[in-house]
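Chains as they are written, first to last, in the numbering used here: chain A, 1 to 249; chain B, 1001 to 1132.
Calculated from the structure, these hints are not laboratory results. Glycine included, C-beta positions come from ideal geometry on N, C-alpha and C. Each hint should be verified, as a subset may be incorrect.
[Stated by the list, open to error] Which residues of chain A face chain B? A few of them, derived with a C-beta cut under 8 Å, are:
#, residue
1, N2
2, G3
3, A7
4, L22
5, M30
6, M63
7, E67
8, S82
9, D86
10, F113
11, L139
12, F163
13, V181
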Amino acid sequence: MNGIVYARNIKDRTLTFAVSGLLWENNLVMIDEETESLWSHLMGAAMKGPLEGEQLEIIPALMTDWENWRSSYPESSVAMMSKTSDFTRNNRQMREQMTIGIAIGGEERNWPFVFLIDNVANEVVGGHPVAVAYYEPTLTATVFDRRVGDQELTFSLNGSTGFIHDHETGSVWNICSGNAVSGPLQGKQLTRLQGVVADGLSWSTFHPKSVQGKRQYLPQIESNSGTVGPNVVSEPVEVEESASAGSAQ
Amino acid sequence: MSNISGLRRVSRLAAVSVATSVVLAVGLGEFKDWSYQRWRERIGDEVSEATRHWRPTAEFFEPAQMVGRQPVVRDFQLVTVDEASKHIKNPELVLGAVINGETRAYPINVMTGPSREIFNDELGGRAIAATW
Chain A
1 MNGIVYARNI
11 KDRTLTFAVS
21 GLLWENNLVM
31 IDEETESLWS
41 HLMGAAMKGP
51 LEGEQLEIIP
61 ALMTDWENWR
71 SSYPESSVAM
81 MSKTSDFTRN
91 NRQMREQMTI
101 GIAIGGEERN
111 WPFVFLIDNV
121 ANEVVGGHPV
131 AVAYYEPTLT
141 ATVFDRRVGD
151 QELTFSLNGS
161 TGFIHDHETG
171 SVWNICSGNA
181 VSGPLQGKQL
191 TRLQGVVADG
201 LSWSTFHPKS
211 VQGKRQYLPQ
221 IESNSGTVGP
231 NVVSEPVEVE
241 ESASAGSAQ
Chain B
1001 MSNISGLRRV
1011 SRLAAVSVAT
1021 SVVLAVGLGE
1031 FKDWSYQRWR
1041 ERIGDEVSEA
1051 TRHWRPTAEF
1061 FEPAQMVGRQ
1071 PVVRDFQLVT
1081 VDEASKHIKN
1091 PELVLGAVIN
1101 GETRAYPINV
1111 MTGPSREIFN
1121 DELGGRAIAA
1131 TW
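Let's have the full structure, built from the sequences with the hints guiding it.
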């Protein structure tokens, strides 16, 4: 249940991986044909054999459902074989079981899907400002860098459309591709980071130093929105703005 | 008269049985809690003792052979999203990657099971392994 894309090379040497048939702590152990080294799947690290101690590079990837992928990347190619399962998304099970984690800049952090149901997590991990985006209806989960050029953005999820929008410019971004589809930053693209979708237990087993990110709640008031009604004055919005301005300094 | 004494006897019996059941319930409840507590503590101690020193390092790398070694997976077809839509329907999930403008999806339902799990591929000029 761990979706990871690795670069399968160590320096200039390209490796070919197979399933070793071994399990370590209930998790897949990969073997490379070239050196017969054994690799922990979730760590991407060679645990035994000539390449012991080597680490595979993670290629940024995302998980999503078929229609969201298809509409976001209509030109994409698809790796097809016969089906081995009819595993379809079970939102409730996935929500309770899965986590999205990242190891970057010497720091490890993970967010159980339940933490992200209401909103995007905007945090700094290992010096990198990250946006952890999750949309439950399509089970889209991925991590973006929050920087576009020199600007650092803060994102919120629009729970009815599945798009994310930034507070600084109000631009609307595709949660799948990271493309700004409207607003001042239209045409810009977010850089995807090496976030990993993993079974929560497996992640904590193989990343014992990982700490949990903040749990996200629905914002009480949508800033710059007329939908909150006349009884709510703008005071809380100002508090929120001064708080975010304070943290940015 | 006999009716009254009969009532008294019944009420005394009832009182005794109520008292007994209260004592039993409280006692059993305590016993149950106590044994459960002890059981949890013992199991907890054993688990923590076994895992206290465990780390995901080579020193603790003790994998178990569950199935035989599987052949390498690299002979999959590359199809368009329209073609793939004949087989992959919406509740299904994909793992997706973009490298140097080249985009590929790996449907989870063709990746599960020990005979798959690792797709050796090339994308955007890089050798990659898409794994599940």
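Do the hints match the structure? See the list:
This hint holds: A:N2 has a C-beta 7 Å from the nearest C-beta of chain B, less than the 8 Å allowed. With its C-beta approaching chain B no nearer than about 4 Å, A:G3 sits inside the 8 Å limit, and its interface hint holds. The criterion of a C-beta within 8 Å of any C-beta in chain B is met by A:A7, whose closest approach is roughly 6 Å, and the hint holds. Annotation: A:L22 was flagged as interfacial toward chain B, and the flag holds, the nearest CB pair being 4 Å apart, inside 8 Å.
This hint holds: A:M30 has a C-beta 6 Å from the nearest C-beta of chain B, less than the 8 Å allowed. Satisfaction of the interface hint for A:M63 is found here, the shortest Cβ-Cβ separation to chain B being roughly 6 Å, below the 8 Å cut-off. Annotation: interface hint on A:E67 holds; nearest CB of chain B at approximately 5 Å, less than 8 Å. Interface hint status for A:S82: upheld, as the beta-carbon distance to the closest one in chain B is roughly 7 Å, under 8 Å.
A cut of 8 Å between beta carbons decides the hint on A:D86: the least distance to chain B is about 7 Å, and the hint holds. Because the closest C-beta pair between A:F113 and chain B is about 13 Å apart, greater than 8 Å, the hint is violated. Interface restraint check for A:L139: the shortest CB-CB distance to chain B comes to about 6 Å, inside 8 Å, so the restraint holds. Interface hint status for A:F163: violated, as the beta-carbon distance to the closest one in chain B is roughly 18 Å, over 8 Å.
Hint status for A:V181 relative to chain B: violated, with the closest Cβ pair at about 17 Å, above 8 Å.
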